[in-house]
Amino acid sequence: MGVHGVTTAVLDFEAELKAAAGKTLISIQNVSKAFGEAVAVRDFCLNIEKGEIFALLGGSGCGKSTLLRMLAGFEEPTSGAILLEGEDVSGITPHRRPFNMMFQSYALFPHMTVAGNIAFGLKQESLPKREIEQRVDELLALVHMEPYRNRKPHQLSGGQRQRVALARSLAKRPQLLLLDEPMGALDKKLRSQMQLEVVDILKQVGVTCVMVTHDQEEAMTMADRIGIMNQGELVQVGTPHDIYEYPNSRYTAEFVGSVNLFEGRVEQEEPDAVLIRSPQLQQLIHVDHGITGPGHQQVAVALRPEKVLLSKVRPEKAYNWAAGTIADIAYMGGHSVYHVQLDSGMRVLAVRSNIERREVRYRLHDPVFIQWNADSGVVLE
Amino acid sequence: MLAITQRLPQPRNWVTAIPFFWLLLFFMVPFAIVLQISFAESEIAIPPYSSIVSIEDEMLSFNLNLGNFLMLLEDDLYLVAYLSSLKIALVSTLICLLIGYPMAYAIARAEPRVRNVLLMLVVLPSWTSFLIRVYAWIGILKNNGLLNNLLIWLGVTDEPIHMLHSDIAVYVGIVYAYLPFMILPLYANLLKLDNSLLEAAADLGAGSLRTFFSVTLPQTKAGIIAGAMLVFIPVVGEFVIPELLGSPSTLMIGKVLWQEFFNNRDWPVAAAVAIVMLSLLLIPITLFNRYQLKEMEAR
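Read top to bottom, the protein sequences are chains A and B.
Numbered according to this note's numbering, the first sequence terminates at residue 382, and the numbering increases by one at each position without gaps.
Numbered according to this note's numbering, the second sequence terminates at residue 286, and the numbering increases by one at each position without gaps.
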C-alpha cells in the first residue's frame, strides 16, 4: 500500500485475527465466487466475532449480496471456505444451516398469519405444540406485535412487516442472523426509527449479525464494524469511526461521507510529519503523521468538509490554508454546506453548524479563507 | 341537479354497454328460449314443441309443463348419466391436475427461451381441429392401431388389448384435449410465485417437499382452482369424446342430450336436461367467484 500511519486492511485483518482468537464465530477464508466469466466475490477474507453486528457496505454489484447468499447457503463458493467455529459449512444446505436470514422484501408467507409465519421455522423441528406457542408469544412480545398475531401480512404496515420478519428470523435462535438491506423497503422517516429499534432487539437477544446495505448512514447507525466492498473485494474493515476518520483508500474516502481530495506530491519528509505540495493550493499541506514509500511520490490528501474552517481574516500560519470565494451555499437547517471556489479553480466543501439562530456570517460571493489543522487531513496513496 | 346528472348514463359507461348488450343478445336471449322450451310440451310440428303462451276464449294463459323435469326424476337414466358425467369430469380434472402441475412447474422454472418453446408445444396441437385430434386417437387406440401394434412388436402382449370404445379411451381423450386448459392458468400462477418465499422456507429449515406443500401449493391455489374449473365445466357437458372414443355403455349427459334432441326429437326434455346441467354447474362457478372476490379483497 505504501502508506503508513493509516493501517492497511491487511494489517488490520491480521491484528484482528490475533485479538479475536477464541471468540471468532464465522471465518470467511479466501472465498471467491464466479458466475461464468463474471467474478462477483474475489479472495475474500473476514472474521466475524461472536455477538457483533457487522455491516457489509458497498454499491450495487459490489458482491455484498452474493457473499450474504453464500453465508446463507443459497450459493456455494467457487473456492475458499466458510467456517462456523472452525467447522466448514460448505455443502450444508440452507435448511440445515443454523443461520437465518431476514430477506430484503421480508418474504413473509402471504397465506399465513403473523403467528403462523413466526412459527414456521419452529414447526420444521417438530417441537411440541405448547413449546412453539410459548416461543411465538415470546417473539411477539420482543417485537411488540402481540395484538397483531392473527393478522395476515397484507394487513400490516411496512414497519410492522419488518418486525414480523425479524421475529421469524430470530425464532430458531440462529447462531448467525443475516440481514439483506434491512431498511430497504421502508420510507426515510421510519427507517431511522427502525434502525435503532432493530439494533436494540438484536443486542437484547445477543445474536451475531451480518447485514448488507448500500446505505452508509444505516451501516454507521447499526453496525459495530463495517466492511467496505468494491468490485468483489474487501477494501477496508473497521469501526464506523475508523472508516470515516481514517479511510485507507480514495474509494472508502469518497464512498463514505463527502470529502475534499487534494492531489499533490511529497515535498519534504520528516519522521512524524510530511509537507505536500498541491497545484490546487498556494500553500503547502502539512500533515502530522509520517508516511512510508519513495520520496516525492504522488499522493492525495483527504479532508472531511466539517474539518474545513472558514474565516474572514487571512490565517497567519504558513501551511494548510487557501483563499477563495463562496460559490454556493446549501442551507440544511442544522448545518450549512459552503462551496468555496479557490483561486486555482478547485471547489472545496466546508460544513458549518448553525449554532446561532440569527447569524448569517458568510454570504454568496464573499471572499473567505479556508484552513484546517495538521491532524485533520489523511494522506492516501 | 346533481342527482339527475348522476342518473343519466355517463359516456364512459357506454363502453361497458357493448359487452353488456352482447351478453344479453347471445347469452341471455338463447338461455330464455331454452328455458321456455323446457316448460313446453312435445308436439309433432315445426318447431316440435307447444307454445307456453296461449290465447283461448279471451283468456291469456301460461301453460308451464313440469312434466319434462319430473321425467328426469322418474327415469333413472338421467340421474345415472348426470352422476356418471360428474364422476368422469371429476376424475379427468384430477388426472389433468396431477399431470399438468409438474408440467406447468417445469415450464415456469425453465429458462425464458426454452420456456417459450415449451409453451408453444402445449398450445400447438389446438391449432388443428378438435374433431381431427379426437379421430387421431381412434387410430392410436384401435385394435390394430399404433399403440397395439407397438405393444405386440415389443412382445408385451400377443393379442391386441381392447382400448378403444371403453371408459379408459374416454379418459385418455378428455385428459389429452383439456390438459392445456389446466397447464396455462397454473403456469401463469407459478410464474408469479416469489422465489424469495421458497428461499425463506428453505432458510427456516423446510425441505423441498415441505416447502412445496406449505408454500408453493397454497400460493398457487388460485391457479389450481382456475385450471380445475376450465377443465371440469366443459367436460361435464362433453359429447364428442364419449361418442367417438367411448363404449355404448359410457353414459354422459352430453350424449343423452344429443339423443333426446336428434333421435327422439323431444326438444322440451332435451332443454330440461340442459337447464338442470347448467344449474348443477352453477354451484362450482358460484363458489369459484366467491373465492376470487375474497382473494381480490385480500390484495
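Check before you lean on any hint, since a few could be wrong.
Mimicking DSSO-like on lysine-lysine, the simulated pairs with C-alpha atoms at most 27 Å apart in a straight line are [unchecked claim]: (1) A:130 x A:173; (2) A:153 x B:281; (3) A:173 x A:189; (4) A:173 x A:153; (5) A:153 x A:130; (6) B:129 x B:242; (7) B:74 x A:124; (8) B:74 x A:153; (9) B:74 x B:129; (10) B:242 x B:179; (11) A:190 x A:173; (12) B:179 x A:153.
Among chain B residues calculated to face chain A with C-beta under 10 Å, some are [said to hold, decoys possible]: (13) 28; (14) 32; (15) 33; (16) 34; (17) 35; (18) 38; (19) 41; (20) 177; (21) 181; (22) 195; (23) 246.
What the hints contain is simulated information worked out from the structure, not anything from laboratory work.
Being a predicted model, the structure only gives us computed values, none of them experimental.
Just so it is clear, CB atoms sit at the ideal spot from N, CA and C, and this is done for glycine as well.
Cross-check of the supplied hints:
1. Taking the CA atoms of residue 130 (chain A) and residue 173 (chain A), the gap is near 15 Å; set against the 27 Å cutoff, the hint holds.
2. Only pairs whose Cα atoms come within 27 Å are accepted, and residue 153 (chain A) paired with residue 281 (chain B) is accepted, the gap being roughly 14 Å.
3. Between residue 173 (chain A) and residue 189 (chain A) the CA atoms are separated by roughly 30 Å; this puts the pair beyond 27 Å, and the hint is violated.
4. Of the supplied pair hints, the one linking residue 173 (chain A) and residue 153 (chain A) holds, its CA atoms being roughly 21 Å apart against a limit of 27 Å.
5. As the CA atoms of residue 153 (chain A) and residue 130 (chain A) are separated by approximately 21 Å, the hinted pair is consistent with the 27 Å bound.
6. Between residue 129 (chain B) and residue 242 (chain B) the CA atoms are separated by roughly 21 Å; this keeps the pair inside 27 Å, and the hint holds.
7. Of the supplied pair hints, the one linking residue 74 (chain B) and residue 124 (chain A) is violated, its CA atoms being roughly 37 Å apart against a limit of 27 Å.
8. Restraint check for residue 74 (chain B) and residue 153 (chain A): not satisfied, since their Cα atoms lie roughly 37 Å apart, outside the 27 Å limit.
9. With a CA separation close to 25 Å, the supplied pair residue 74 (chain B) and residue 129 (chain B) stays within the 27 Å bound.
10. Restraint check for residue 242 (chain B) and residue 179 (chain B): the C-alpha separation of about 40 Å exceeds 27 Å, so the hint is violated.
11. For the hint pairing residue 190 (chain A) with residue 173 (chain A), the CA-to-CA distance comes to about 30 Å; that exceeds 27 Å, so the pair is violated.
12. The suggested pairing of residue 179 (chain B) with residue 153 (chain A) holds, with an alpha-carbon distance near 20 Å, which does not exceed 27 Å.
13. Checking residue 28 (chain B) against chain A: minimum C-beta separation of about 54 Å lies over 10 Å; hint violated.
14. Because the closest C-beta pair between residue 32 (chain B) and chain A is about 59 Å apart, greater than 10 Å, the hint is violated.
15. Evaluation of the residue 33 (chain B) hint against chain A yields a violated restraint, the C-beta minimum of about 58 Å exceeding 10 Å.
16. For residue 34 (chain B), the interface hint is violated, since its Cβ never comes within 10 Å of a Cβ in chain A; the closest pair sits about 53 Å apart.
17. Evaluation of the residue 35 (chain B) hint against chain A yields a violated restraint, the C-beta minimum of about 54 Å exceeding 10 Å.
18. The interface hint given for residue 38 (chain B) is violated, since its Cβ lies 55 Å from the closest Cβ of chain A, which is over the 10 Å cut-off.
19. Interface hint status for residue 41 (chain B): violated, as the beta-carbon distance to the closest one in chain A is roughly 58 Å, over 10 Å.
20. A distance limit of 10 Å between C-beta atoms decides the matter here; for residue 177 (chain B) the minimum to chain A is near 15 Å, and the interface restraint is violated.
21. About 7 Å separates the beta-carbon of residue 181 (chain B) from the nearest beta-carbon of chain A, less than 10 Å, and the hint is met.
22. Against a cut-off of 10 Å between C-beta atoms, the interface hint on residue 195 (chain B) holds, since the closest Cβ of chain A lies about 9 Å away.
23. Taking 10 Å as the C-beta contact cut-off toward chain A, the hint placing residue 246 (chain B) at the interface is violated, the least distance being around 47 Å.
Comparing the model with each earlier hint shows violations of hints 3, 7, 8, 10, 11, 13, 14, 15, 16, 17, 18, 19, 20 and 23; every other hint is respected.
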